[in-house]
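Visitor: Once you have looked at the hints, place chain A with the ligands on chain Y.
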Amino acid sequence: MSSSPERLRPFFVGYLPIPKTLRGFAAFLSLALGLVGMLIAVGLSHGQNAPRTGVFEFGRESSLEGTIAVTPAPMLWTRSESGVATPVLLVGQWKFGADDVVSAFDGASVEIRGTRIMDGDMQLFEVAGSTDAVRPSPSPAPSAPTPEWTGGEHSVLRGEIIDPKCFFGVMKPGYGKVHKGCATRCISGGIPPMLWVRHATSHESFYLLVGPDDTPARDLSLPFIAEPVEIQGRVQTVEGAPFSIMRISDNAIRRIR
Amino acid sequence: MSASYRAVNWNRFKRRYDLAFLSLLVIYAATFVAVALLAHPESTAETVMIRTLGTAALLFLHITLSIGPLSRLSPRFLPLLYNRRHLGVLTFCIALLHAALSLFQFHAGGDVNPFVSLLVSNTRYDSLSQFPFEILGIGALLILALMAVTSHDFWLANLSPRAWKSIHMLVYPAYVLVVMHVALGALQDSRTPALAIALSAGATWLAVIHILAGAKAAILDRRRSDETGDHLIAVGEVSEFSPGCARLAHTPDGGIAVFRYGGNGEWLAAMSNVCAHQGGPLAEGRIVDGCVTCPWHGYQYRPESGGSPPPYDEVLPTYQVTLRGNQVLVDPAARPLDAPATPVRLDVGRER
Ligand code: HEM
Ligand code: FES
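Chains Y and A are the protein sequences, given in the same order. If you use the working numbering, the first sequence corresponds to residues -19 to 237, in order. If you use the working numbering, the second sequence corresponds to residues 335 to 686, in order.
Looking at chain Y on its own, in the form it has when it is part of the complex (with noise of 0.2 Å):
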């Protein structure tokens, strides 16, 4: 009989005993596959794009106090001992905007419920889901007024249109591609448009998007959240405070690239 190859060669069937020549090699696959799985999951993992550093104290409640600001956007002024005033975001729970909650205090001195949302200077407050989460301050010092934006300079400025409650802490990324579909959600829900302009060194700005009604300017927005984009409007500052904001009308967004 001849001998061939073929007989030397060892047959695999499932349901048979795994034959010995294949079971080491079965072992090496195995291991080499997950030595394998393990580099690649090294290499993904570590080149994520390094999150940013803002945060959102998920399930821990804080409180605030200070005097609501319902127009140009929903923010809470809080002073400091040496009374300087600094402007805190209210957002609403998952993808909604404040206005709802807040609406009814415009101009009170207030103690808000909620959960801080920290980067940097930069301060946002999630307004908690109770109906009793913004009740008249304990505290009955007279509530200063709330400073006044001022300046007007026409400016063009060239950024990225983002939902600051994701963008500041609650999601990583909270900006760019990935996320558009969710900033679009929270935008849309009544989260204030904000302009993200980052310049040549790793110094960054922010600006409120602001439409002709005094609000955010949310329709004007939304075609273009997340994309790179041209804004002219008008730029209003406070001292101190950690953004600014910009009156747009119709037609002032344009996208580039």
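The hints are simulated quantities; they were obtained by calculation from the structure and are not laboratory data. Quick reminder that beta carbons are idealized off the backbone N, C-alpha and C, glycines included. Accuracy of the hints is not assured; some may be wrong.
What follows is a list of derived Cβ distance ranges for each label pair [as the list claims (entries may be wrong)]:
1. Y/THR58 <-> A/LEU480: 53 to 59 Å
2. Y/PRO(-10) <-> A/ILE545: 49 to 55 Å
3. Y/THR1 <-> A/PRO643: 42 to 48 Å
4. Y/PRO(-10) <-> A/PRO507: 20 to 26 Å
5. Y/LEU19 <-> A/LYS499: 31 to 37 Å
6. A/ALA368 <-> Y/VAL64: 41 to 47 Å
7. Y/ARG115 <-> A/ALA364: 54 to 60 Å
8. A/LYS499 <-> Y/ARG40: 52 to 58 Å
9. Y/PRO(-10) <-> A/THR538: 26 to 32 Å
10. A/GLY548 <-> Y/GLY39: 52 to 58 Å
11. A/ASP587 <-> Y/ARG235: 26 to 32 Å
12. Y/THR1 <-> A/ALA530: 36 to 42 Å
13. Y/LEU19 <-> A/ALA552: 30 to 36 Å
A short, non-exhaustive set of chain Y residues, derived as facing chain A with CB atoms under 7 Å [said to hold, decoys possible]:
14. LYS160
15. GLN216
16. VAL218
17. PRO222
Covered stretches of chain A (in silico footprint by chain Y; criterion: 3 or more residues with CB under 8 Å from a CB of chain Y, positions within the stretch not fixed) [unchecked claim]:
18. 394 to 402
19. 440 to 454
20. 468 to 479
21. 511 to 525
Guide: Quick look at chain A with the ligands alone, frame taken from chain Y:
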């Protein structure tokens, strides 16, 4: 096999196979999460999970797609093929989790239904860099779902083999959709080369093994069996047949497997090379317990009748073998199923 359908016909090997790939998933996920925690401690859990599952699904899709060509290149990979369908179902499950988490993270809790949001929150179909990459993932997921659902032998028997095969060839469009999903999605935001390297290395690997396997098949094909003047196909000399093994006669409809079998290798018989299960190449199979046994999933056929041993009821067409001196010839006209060909008895003593 079609005697009865159970959800899964488990055996020891299948359990080990599934255990091995589940372990791979666990090792992969644990490594991804651990490195994320160490290298990027500010990450959020949801994003890490979405990325772990998305990239794991892509890795498993690569493995699934590698098994076919690797098995053609070396039969040592055939054990991977035996239970490939479970790997496919696992891949689908991982991708489904990735998609479900993404849907929740990016679209739940807003002012419209999350499924609607998924479809309408980006409509830049006019732009490549801004293209809604999610829709590409949805397309891939639907294909993987269709394949997972139809992977069971019930569907194999109730769809025509050709329809079944076409459905499962959709894995290639699914792969392309996933690559586009990543290239137009996560890759657009990535500031490191890791994802780009992984994607292109994966595509290169798949291209190389598919080309090599194709080249091997083409070379084997060129060694076509000779047609003799009288339409019979010459398959080789008797001495070229190893007992328990087959030689292949090439025909346009998938070939004829000519087996040598019997206690002393004293019989020759021929049947279609195309397994009734998923078209596995029977000529690469063996005689096990007196039956032709498919190298892919072990379906069995009696060489003298082409029929599967009871309780199974598959039947393959047989072909008439004749001897002309030491030459083994086979008639390429299939015999009717109810009148199988007659096996040829060899004078084993003379050959020795
Ligand atoms: C309904 C279907 C799907 C949706 C909604 C979806 C959604 C997403 C999203 C939002 C991202 C970006 C995540 C991020 O980088 O933060 C992503 C990335 C990714 N997806 Fe999907 N996906 C779907 C289907 C699939 C399928 C079927 C696969 C693979 C088989 C897949 C594989 C990936 C991979 C590999 C990434 C890149 C990982 C990364 O982000 O680093 N996806 N997907
Ligand atoms: S193809 Fe599955 S057993 Fe033959």
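Visitor: If a hint holds in the structure, say so; if it does not, say that too.
Guide: Here is what the structure says about each hint:
The hinted window of 53 to 59 Å between Y/THR58 and A/LEU480 holds, with their beta carbons roughly 56 Å apart. Remark: the range hint 49 to 55 Å for Y/PRO(-10) to A/ILE545 is contradicted by a beta-carbon distance near 27 Å. About 27 Å separates the C-beta atoms of Y/THR1 and A/PRO643, a value inconsistent with the hinted range of 42 to 48 Å. The hint said 20 to 26 Å for the Cβ distance between Y/PRO(-10) and A/PRO507, and at roughly 36 Å that hint is violated.
For Y/LEU19 and A/LYS499, the hinted distance range of 31 to 37 Å is satisfied, since their beta carbons lie about 34 Å from each other. At roughly 43 Å, the beta-carbon separation of A/ALA368 and Y/VAL64 lies within the given 41 to 47 Å, and the hint holds. In this structure the hint that Y/ARG115 and A/ALA364 lie 54 to 60 Å apart at CB is violated, the actual value being about 46 Å. Restraint check, A/LYS499 to Y/ARG40: a C-beta distance of roughly 56 Å satisfies the suggested window 52 to 58 Å.
At about 31 Å, the CB distance of Y/PRO(-10) to A/THR538 agrees with the hint of 26 to 32 Å. Taking the beta carbon of each, A/GLY548 and Y/GLY39 are about 56 Å apart, inside 52 to 58 Å as hinted. Taken as a hint, the range 26 to 32 Å is violated for the pair A/ASP587 and Y/ARG235, whose Cβ atoms sit roughly 57 Å apart. Remark: the range hint 36 to 42 Å for Y/THR1 to A/ALA530 is upheld by a beta-carbon distance near 40 Å.
Our hint of 30 to 36 Å for Y/LEU19 and A/ALA552 holds, since their Cβ atoms are close to 33 Å apart. Hint status for Y/LYS160: holds, given a least beta-carbon distance of 5 Å to chain A, under 7 Å. Taken as an interface hint, Y/GLN216 does not check out: its beta carbon lies about 29 Å from the nearest beta carbon of chain A, beyond 7 Å. Given hint, Y/VAL218 at the interface with chain A, is violated; its Cβ is 29 Å from that chain's nearest Cβ, farther than 7 Å.
Annotation: Y/PRO222 was flagged as interfacial toward chain A, and the flag is violated, the nearest CB pair being 19 Å apart, outside 7 Å. A stretch counts as covered by a chain when three or more of its residues have a beta carbon under 8 Å from one of that chain; for the region 394 to 402 of chain A and chain Y the count is 1, and the coverage is violated. With a cut-off of 8 Å between beta carbons, the region 440 to 454 of chain A has 9 residues touching chain Y; three or more are needed, and the interface restraint holds. Here the region 468 to 479 of chain A counts 1 residues with a CB under 8 Å from a CB of chain Y, which misses the bar of 3, and the coverage is violated.
Check on the region 511 to 525 of chain A: 6 of its residues sit with their Cβ under 8 Å from a Cβ of chain Y, so the three-residue criterion for coverage holds.
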